[in-house]
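Q: Work out the full structure: start from the sequences and follow the hints.
There are 2 protein chains.
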Amino acid sequence: MIEKLVQAIKDKGTCIVVGLDPQLSLVPESLKKAASEDRGDSLLAVSDSFLRFNLAIIDAVAELVPAVKLQIAMYERFGTPGLEAYRVTAGYARSKGLIVIGDVKRNDIGSSAEGYADGHLGRVRFGHTWLTGFDTDMCTVNPYLGSDGIEPFTKVCRENGRGIFVLVKTSNPSSGEFQDLKLASGEMLCERVAAKVSEWGSSLMHGKWSDVGAVVGATYPEFGQKMRQLMPHTFILVPGYGAQGGKGDDLIPLFDSEGEGVLVNSSRGIIGAWKQEEYKKYGEDHFDEAAREAVLSMKEDIDNALRKSGKM
Amino acid sequence: MIEKLVQAIKDKGTCIVVGLDPQLSLVPESLKKAASEDRGDSLLAVSDSFLRFNLAIIDAVAELVPAVKLQIAMYERFGTPGLEAYRVTAGYARSKGLIVIGDVKRNDIGSSAEGYADGHLGRVRFGHTWLTGFDTDMCTVNPYLGSDGIEPFTKVCRENGRGIFVLVKTSNPSSGEFQDLKLASGEMLCERVAAKVSEWGSSLMHGKWSDVGAVVGATYPEFGQKMRQLMPHTFILVPGYGAQGGKGDDLIPLFDSEGEGVLVNSSRGIIGAWKQEEYKKYGEDHFDEAAREAVLSMKEDIDNALRKSGKM
Chain G
389 MIEKLVQAIK DKGTCIVVGL DPQLSLVPES LKKAASEDRG DSLLAVSDSF
439 LRFNLAIIDA VAELVPAVKL QIAMYERFGT PGLEAYRVTA GYARSKGLIV
489 IGDVKRNDIG SSAEGYADGH LGRVRFGHTW LTGFDTDMCT VNPYLGSDGI
539 EPFTKVCREN GRGIFVLVKT SNPSSGEFQD LKLASGEMLC ERVAAKVSEW
589 GSSLMHGKWS DVGAVVGATY PEFGQKMRQL MPHTFILVPG YGAQGGKGDD
639 LIPLFDSEGE GVLVNSSRGI IGAWKQEEYK KYGEDHFDEA AREAVLSMKE
689 DIDNALRKSG KM
Chain V
389 MIEKLVQAIK DKGTCIVVGL DPQLSLVPES LKKAASEDRG DSLLAVSDSF
439 LRFNLAIIDA VAELVPAVKL QIAMYERFGT PGLEAYRVTA GYARSKGLIV
489 IGDVKRNDIG SSAEGYADGH LGRVRFGHTW LTGFDTDMCT VNPYLGSDGI
539 EPFTKVCREN GRGIFVLVKT SNPSSGEFQD LKLASGEMLC ERVAAKVSEW
589 GSSLMHGKWS DVGAVVGATY PEFGQKMRQL MPHTFILVPG YGAQGGKGDD
639 LIPLFDSEGE GVLVNSSRGI IGAWKQEEYK KYGEDHFDEA AREAVLSMKE
689 DIDNALRKSG KM
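These protein sequence lines are chains G and V, in that order. Throughout, the working numbering is defined as the position within the first sequence, counted from one, plus 388. Throughout, the working numbering is defined as the position within the second sequence, counted from one, plus 388.
Check the hints yourself; a few may be wrong.
For chains that are exact copies, the list does not tell them apart, and a pair is met inside one copy or across any two.
[To be verified] Straight line, CA to CA, 30 Å or less: simulated BS3-like cross-link-like pairs of lysine-lysine:
1) Lys543 with Lys484
2) Lys570 with Lys614
3) Lys543 with Lys663
4) Lys699 with Lys596
5) Lys398 with Lys687
6) Lys392 with Lys663
7) Lys668 with Lys570
8) Lys484 with Lys635
9) Lys696 with Lys570
10) Lys570 with Lys635
11) Lys484 with Lys400
12) Lys543 with Lys696
Because the hints were derived from the structure by calculation, they are not lab data.
A: Here you go:
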């Protein structure tokens, strides 16, 4: 999978990932009203309004970016109809040539982790038929349970040509509570996790990079250099840009010397652009064009930072 | 929620939780065949076969136990139809007076954790209507992101009378890889997490116990006493009994001096009893009776251990 991602980044000329994390407050009233008229005030109506929203955004950004990331919590909030919007959005994005990252942060003991790996990245057999659950290209995974919660995912990555990103240092304010704890050995917990991620990925290399990636938040730029050192062959998915406070310059230490190895996600900053002062001129009817404009502006910010650093 | 759980344990005279974690290999052929005839070899057929299986087990054990635990990965493997079986199973169990624990191990940054908390324990508003996603009583939560990934769950617990169990020391073989790491302060990571769980629960006390519980695996009995000490008011959900190797005697240190504060889960040992030599006489047609018998045998094991320890 990772070689496909690297190629897509080259083709599109940017490492931006659009986060399709719909919230009712970000979906224009007209879409909600139309869905409500069709379906009543039901979970199905929410699901419909998310689909109308997402598909328009995908159409607007598909030629600009290599990938989209879907925060499944935003769909799971609305039960199985919400998750059906997740599944259909993922399928539509893949049909447009985009790589789809399921931001699911799943993990469990081995036998249960197998269930998640099958459902999100793999396939299952019933009777004489192979079936797929959510069928995304890559997904995020939580490391707290250690290797035997990760192996079912790497197994499916190998068999089915998929990839994962393991949480190492997350973007939220309290991420340091456990992740930054100093171990008796002198390292921080997230550094130990980073070393493990590098080890887990060593048997899934394709050229320079591994199918096992990592998540490192843009909101902690001081961790960037160390993280890149500890995981020299690990692609890094970076949340926290934009609405959470991360900027282009903050990302630089995570790129390798050739300006590779990073995917930068922005969600609210792009899909909610139409609500921001800067993009107000588009109005709620043209939320998709506002999103497109926000992608271009983000690309400029990251390109400028890369050029300034000499990595581009 | 916790006071309801404590009362249910008293009423039923046991702290056993039946793990409704269906796998195709545990579902009798006759149920799969019937579902396949109705629905073809599809995800809907899997969902149907899981429902036929689960509802029969619930009918067989509802009068014996206070709660059931649903491992959502086993449903998520089969996409949205699988998750619909999860939702319907949860609703049926609640209608039979059982407390339903969603073993979802979710977590994320605050805004996304809100989505999970709403979907599993809370409710959402669309238009003029309040809607629920999965509507379970309690769920498991992963701590790796720290306090601001937990707060959305405790908020919903408070507002909606629900509860959570935070992963502290999991039952799997590699749980020690990160959870047992020694910190510079001298404690192990899981001990630090335990102390935090106790702190998070302090504002959600109902009598002796908090709505914020913990998960501690039965497979590491040497951790029991320390965990109980660090979390004196924390109800402990214990996986790993039975198929994973844990026995009644291993649980004793987790109970308080009055024999309270523990919920013990068994999944394969109960729902897959019909496939074990010991319960072979029931045959695949009476898998539900085999499950009932396995619950009674597990109750005897735990009661004996409690009596021997003087805690009962």
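Q: Now tell me if each hint is right for this structure.
A: Each hint, compared with the structure:
no. : hint               : result
1   : Lys543 with Lys484 : within (27 Å within a copy, 39 Å between copies)
2   : Lys570 with Lys614 : both (15 Å within a copy, 21 Å between copies)
3   : Lys543 with Lys663 : between (42 Å within a copy, 28 Å between copies)
4   : Lys699 with Lys596 : within (17 Å within a copy, 59 Å between copies)
5   : Lys398 with Lys687 : within (13 Å within a copy, 61 Å between copies)
6   : Lys392 with Lys663 : neither (34 Å within a copy, 44 Å between copies)
7   : Lys668 with Lys570 : neither (46 Å within a copy, 52 Å between copies)
8   : Lys484 with Lys635 : within (28 Å within a copy, 53 Å between copies)
9   : Lys696 with Lys570 : neither (34 Å within a copy, 41 Å between copies)
10  : Lys570 with Lys635 : within (27 Å within a copy, 35 Å between copies)
11  : Lys484 with Lys400 : within (13 Å within a copy, 55 Å between copies)
12  : Lys543 with Lys696 : neither (40 Å within a copy, 44 Å between copies)
Hint check: violations occur at hints 6, 7, 9, 12; the rest are consistent with the structure.
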